[in-house]
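Just so you know, the protein sequences line up as chains A and B, in that order.
For the first sequence, the residue numbers in UniProt numbering are 1 to 805.
For the second sequence, the residue numbers in UniProt numbering are 1 to 123.
Careful, some of the hints might be misleading.
Capping the alpha-carbon separation at 25 angstroms, the derived lysine-lysine pairs in DSS-like fashion look like this [said to hold, decoys possible]:
#, chain 1, residue 1, chain 2, residue 2
1, B, Lys114, A, Lys2
2, A, Lys689, A, Lys596
3, A, Lys665, A, Lys225
4, A, Lys603, A, Lys690
5, A, Lys754, A, Lys287
6, A, Lys707, A, Lys614
7, A, Lys2, B, Lys111
8, B, Lys114, A, Lys482
9, A, Lys2, B, Lys2
10, A, Lys550, A, Lys603
11, A, Lys707, A, Lys770
12, A, Lys550, A, Lys596
These aren't lab readings, by the way, just hints derived from the structure by calculation.
Quantities reported herein were computed from a predicted structural model and do not represent experimental measurements.
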Amino acid sequence: MKYIGFFVVLALTIALGVAVSTPFGAIPPLAPLLDPNHGFWQNSISEDELAQDELRLDNLSSEVQVVYDENLIPHIFANNEADLYRAQGYITAKHRLWQMEFQTMAAAGRISEIIVGPLALDLDRMTRRKGLAYGAEKGIKFAQETDPETYALLEAYADGVNQYIDQLEDAQLPIEYKILNYRPEPWSAFKSILLLKYMTDMLVGDRDLEYSNLRKILGEVMLDKLYPEYPIGVEPIIEAGHKWDFNPLEVTRPDSINYPDDQLVIDPLPQPADGTGSNNWAVSGSKTKNGNPILANDPHLSLNLPSLWYSMQLTTPNHSVKGATLPGALGVISGFNENIAWGVTNATRDTRDWYKITFQDNSRKAYRYGEKWEQTTFRIEEIKVKGELAFMDTVVYTHYGPVVYDKTFNANRQDVNFALKWNVHEGSNEQKTFLKLNTGKNHEDYNAALDNYTAPAQNFVFASKSGDIAMRIQGKFPLKWKGQGKFFMDGADPRMEWQGYIPNEHNASTLNPERGFVSSANQHPADSTYPYYVFDNSYEFYRNRRLNNKLSEMSNITVEDMQGLQFDDYYLHASEALPIMLELIGSDFENDAEAKKYISILKQWDFYADPNQKAPTLFYIWWRESYSQIWKELSENLAPVVLPNYYQTVLLMKNEPSGEVFDLKKTSELETVATHVKIGFSGLLEAMKKWEAEEGDFSWANYKRTKIQHLVPQFNSFSVENVYTGGGAGILNATSGRSGASWRMVVELGAEIKAFGIYPGGQSGNPGSKFYSNFIPIWANGEYLNFDLRTANQEEGVLFKTRLN
Amino acid sequence: MKFLLFTFLTAVLVILFNPFLPYWSVMILIAIFAALSGNKGAVAFFAGGLGMGLAWLSQSIYISTFSGSSLPDKMGELMGFGSEMPLLAITGVLGFLLGAFSAWTGSLFRKLFKRKPDNIYGA
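Looking at chain B on its own, in the form it has when it is part of the complex (with noise of 0.2 angstroms):
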């Protein structure tokens, strides 16, 4: 449940305020965020990830539904994958990467803070 609270405040944070800010800032506020929230290293990873691979993915698509444009295809055959689809999967996967560590940085920042190891990797 919180994992998916997480993944969908991630996507929303993404919509919300990456149309005024550069992919950079982005992935500090999703840091700030996961730091924030306190959610554990691979929840935070996954739902960071999949907040932003989503948002990312489901972006691209509307605008490429909306369009009718044939610019994905161009943009596709340019980058030598042929078509739209792997560009899509791309920024998807892109989207995924970027908010995945930054969200992991954000949770690891968090527990540097910590009085008490929470270590549910290590030991």
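Only chain A is shown next, with the shape it has when bound in the complex (with noise of 0.2 angstroms):
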């Protein structure tokens, strides 16, 4: 009997230690996670409580010094550079390891393995599809071949952020690690190139297909009429009337082409999500009051938590580097050092392009190209999925690149194939480019470090203590014919191949332009005398407008003039359509009480898209409603297409408000531009009451409710909703609902380099620090913390510090 009572009672508690161990679906374990010695209360403690003034870090050369200050920063004192960015490693691991594993997990396309269902297994094969991890292995091999310095400093970057994990106790593991029951894996410098090809990955889109569907749609005259290349009235990055110093390479256009004609119903590739753009300028002494360069950069991106950046300084004796670097990748991003500073806008431009693949049969072993037929190449992909077997997916390559979409991928896809041609699969080092600005001393060390930089493409700004200022589009460019890779190509014609790329040098760029400023905010690189084709869909056409004209016609500046020019909330698209809509309707509306009190209140707006201001919501969604009715008839096509864009829009309301393009095809009545924006005032109306009722207030900060977002969405607590700022998409200042200035900083080159950042989140990774999210409301203000450089043995405003040896 006491056997059995035993056994029983054994066995019950035995079952039950391993039920409170197992996950139950997406229920993480519950012991774990509620132990308060190694589960979720541990990670309530923030990091200054568990500061420690020594920590193991071997295979260093000497002693390494990390002085925090106040807000988490750290400050890394390194004897040479190995040391230096294996502390880097380590530190950044210590604070970010989550979040950087997380973004490598998802440009390796496994997030199957983390998270459950079939929406994680299609974004996975997605990115393996495109090929990020395939350009990554090209990009190690190619570091390795080239450059072996760069490789041993990524290396000993890996090593850091390995001890770290090695020494990581269970109390101190990341909370999402928790909650979603993994543990972190070795990281590698394979990971670091990982995340820049993500970065590529982010940042740049392209719409052939879109744009194959339109021309087959509207005609080639039509599209060039609502979707002109250089639209009248563009400011371009490089100063109108540059002269270009050098002898363009000669492009030769075939002189017949072929378009594959199909009106393709398929799912385009994701693109780089909304809002994801940037500003960055820089002014010279003659403009600033106290006669140093003063430069800028804000890059928009999605808002997320953990911030995609870090921010650090980075000391050796013959250096000392701080800015926002990026958690698994070496060295700032954005920064500068005791001589000169850099930042980064995207510079958008069609460096991705798709060719139409014939298949000799089936098996498709081979493929068409010219009167031969190419062999192909298979690579597996296994993609491990949590809980369940592997998914295993076969991609084949053409010498363009991976075929993305094929028979096994996309449902709904028509019977062709199209293999993606893309810089990023090609062998390259951007992070040799960054090393080398963060060494750099001059504009000569400037250009010779982007002269390794490919993708994605960045318009680089840099100013100098020595007084220069200076903007170059940088990237790894093909050479294209007017017109290529607009559209798809065939892939069979060899005519259509890119014919090489621009070389460095001729890439758009300016050194001390006499108008006393260089800026960029992802509008055309250069004006049309430039001698290469420069398509692209997404430049932008407000920021760069305003922000000129701000530049242009101020003098005496100071670091708060340009503070406050990147918090700037004009709204210039407003304040060019909504004249011209007013006038339009007219006196429809004037027996509607409702009515009379929305245009009075936008007929008062002086076009600032503050917080606490009614009109930006109003016009925001006239306009919003407006353009989807002007639009209608091609966004009604069940062929992807792009619409064309606001200020080619406006610019057709204003010039041809009776012109054909605003007529409905299907309808017998003739519309012109006043009969949608009046349509759009109704759907306003609409819209509003329905607000009102529901959430009362609609200013402009309670309607657009920016929210920094946790990077798995499901983890709402952990985002920080309803943040109270101004700004919007097509604003300086481009905080909309889920993105805009990711990094804020502005920096003065004098005799001390005066310096100042933001961004909004914290240096923390980890949701239950008092560091975690204590910078939002400061950037949601527009205020800055300092960011001057510290010297190692500084006191005031330490937080803590710590040894590694």
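Join the two chains into one complex using the hints; note that each chain is given alone, in its own frame.
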């Protein structure tokens, strides 16, 4: 009897022990999660409470000192670069481990290993079929072969990360691992490269599919009218009238081009999220109060927690650099040192092209190329799926690149195969660019650093203590004939190949232009005299004009002025469209009390999209309704298309209000733009009725509801919602609902460098830490943190210090 | 008295060893301790349970209070409980169950080696 009793209770106890350590579906094992000594409770403790004077880091040549300022920004002091990057890896992992691993899992198409569900698998298949990991493999080989020094530093960084992972105790394991029930795996140089490829994926898009469809639907004449490559009034990055001091390479356009002529009903490749863009500029000493150049940069990205950026100072006896780093990549990405400052904005350009592949037969072992059949290669992608059997995906590779869509992927595709050609698949060494910028001293060093840079193409702004300001649009840009790659091309026709690349020294650039400033905000790179084809669908038309107007008229500029400009809420698009729209509706809504109320708010508006303003909400909805009404027939096409941009739409509204572009062909009446704007206004009235009944207040911040979202959207309580701040898409302060300035920096390059920075997040990646989101209110108010360079023994404002040895 | 002492000592055991050992090792320790101390079934069950449950509860409250972190609330929301309180309760109850069953097992284990049956429940 007593035996039975014992074994029954023993069995119960073991069953209990096992049950609480077993995941049930998405519910993680309870005991490890709730155990106050190891589970999530431990993640409540902030970094300053856990500070240690000394931590072990092997393989250093000498001791490394880490000084955290009161914002938990680490300042690393090392004796050489190998020690520096080893320590950077270690310290970054200490504060951002989960995020850096998660982002590279996403980049490698490995989300299914962590998160359950068919969505994750589709995402992973897409990532793999685009060839991101394939590109990173090429990249690592390229670095090994051409640049062993950088490769050694990548390895040192990886070693730092791995030593941290090895020392990591359960209590300090980032909470996301605890909830999702997995553990960090070793870091590697490959992952750092992969992260940079991931940035390319985030920032580069193409609209070849949509343009192919538009060509078919509209014909070339209408296409050029609605989607001009150089609309009137473009304000390019490199100042108009710039003299090009090189002899351009020749590009030969085939005399006849047969575009694949199918109208394609397939899902386009995911594009960079709306609101991805950036501003940067530098003003020369001649325009500033103190006579020093001032540089500013604010990259706009999806706003996430933990933030994409991580602030650091990295110091060796030879250099001291500070700014925003990307957890997982070496060095500072947007920042400054004792001599120079630099910043980046996305240089959108169509560097991703699609070729229609004609396979010889169903085996897909060969495809037509000219008169011959070329062999394909097969790449087998094994996608591990949490709790299930691995999914095997075969991707066919041609000499162009991977065949992304085929019979196994994208169910509603038509009977066509397209190969993706993209410079991300070619070996390149972006890491070297940043390492060299970090130690750069002057304009030549900056140029030499940029020569190594392929993708994602960026507009690199530059300013130096010696008084230079510069801008260079750097990427490895394919040499294209006019129109090449705008539409799908026939991969069987060798004449459709890219004809090489634009040499680095022919990339558009400028040094100390007469106007006294350089600037970029994702617009056209240069005026139409630039001798190369630079088409892209996503050039921006508003921020750049506002920025250049302001910079032109400003003088005696101070750092505060530049900060103000980064936070400028002027809604240029509204200022151009609203007067036209108000005129167009005439007196149609005079008898509607609500309409009169809204119109009067709109009429009194100064066009600033400040958080407390009500007019931006009204304009935003009215515009949205009118715009979708104007392009109703285009967007009703089954085949995916892009709509004409806002800028061109406003131009058409102004210049040909009764033009045929506004007539809906399917109706018997003749529509003009006034028709659409009036219908849009009715749409506004309806939307506002609903909003006022359900939500009440329609001030701009309350309407757009800026949200800084945790990287796992389901972890909603780790996100920060309803951030009270102004701005919006197309506004210098580009903060919309889900995207905006992910990092703001202003640097004055005087005898002593004065620097300011802020980003919407916090230094800690731990949602339980007081340093997780503490920068958000500062950022939302347009305020900054002091980012001056520190010395190792500077005592004020120190949170704690740690020695690594 | 014996009950309180056993409760107290179990809690001390958890607080001393749990920081270095996973919860299942602590369960084994509690079982061994219960076997050595020779408490009867019900006493072992409730004292072991209360010992570990109270230890976990107070550790959680302590961390939450001194850190001032909003994490427990965020976790409560994430797990669908809305706030920190239910999480504290669940942590305490879980600790209780683990401690209770471990101690009970230990106590019954000791009984296996007793010559004379000493069954206060059955007979």
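Checked hints:
1. Lys114/B - Lys2/A: holds, 10 angstroms
2. Lys689/A - Lys596/A: holds, 14 angstroms
3. Lys665/A - Lys225/A: Measuring from Cα to Cα gives roughly 17 angstroms; hence the hint holds.
4. Lys603/A - Lys690/A: holds, 22 angstroms
5. Lys754/A - Lys287/A: Distance ~17 angstroms between lysine 754/A and lysine 287/A Cα, so the pair holds.
6. Lys707/A - Lys614/A: holds, 19 angstroms
7. Lys2/A - Lys111/B: holds, 7 angstroms
8. Lys114/B - Lys482/A: Cα-Cα ~95 angstroms, so violated.
9. Lys2/A - Lys2/B: holds, 23 angstroms
10. Lys550/A - Lys603/A: holds, 24 angstroms
11. Lys707/A - Lys770/A: holds, 19 angstroms
12. Lys550/A - Lys596/A: Status violated; Cα separation ~34 angstroms.
Hint compliance for this structure: hints 8 and 12 are broken, all remaining hints hold.
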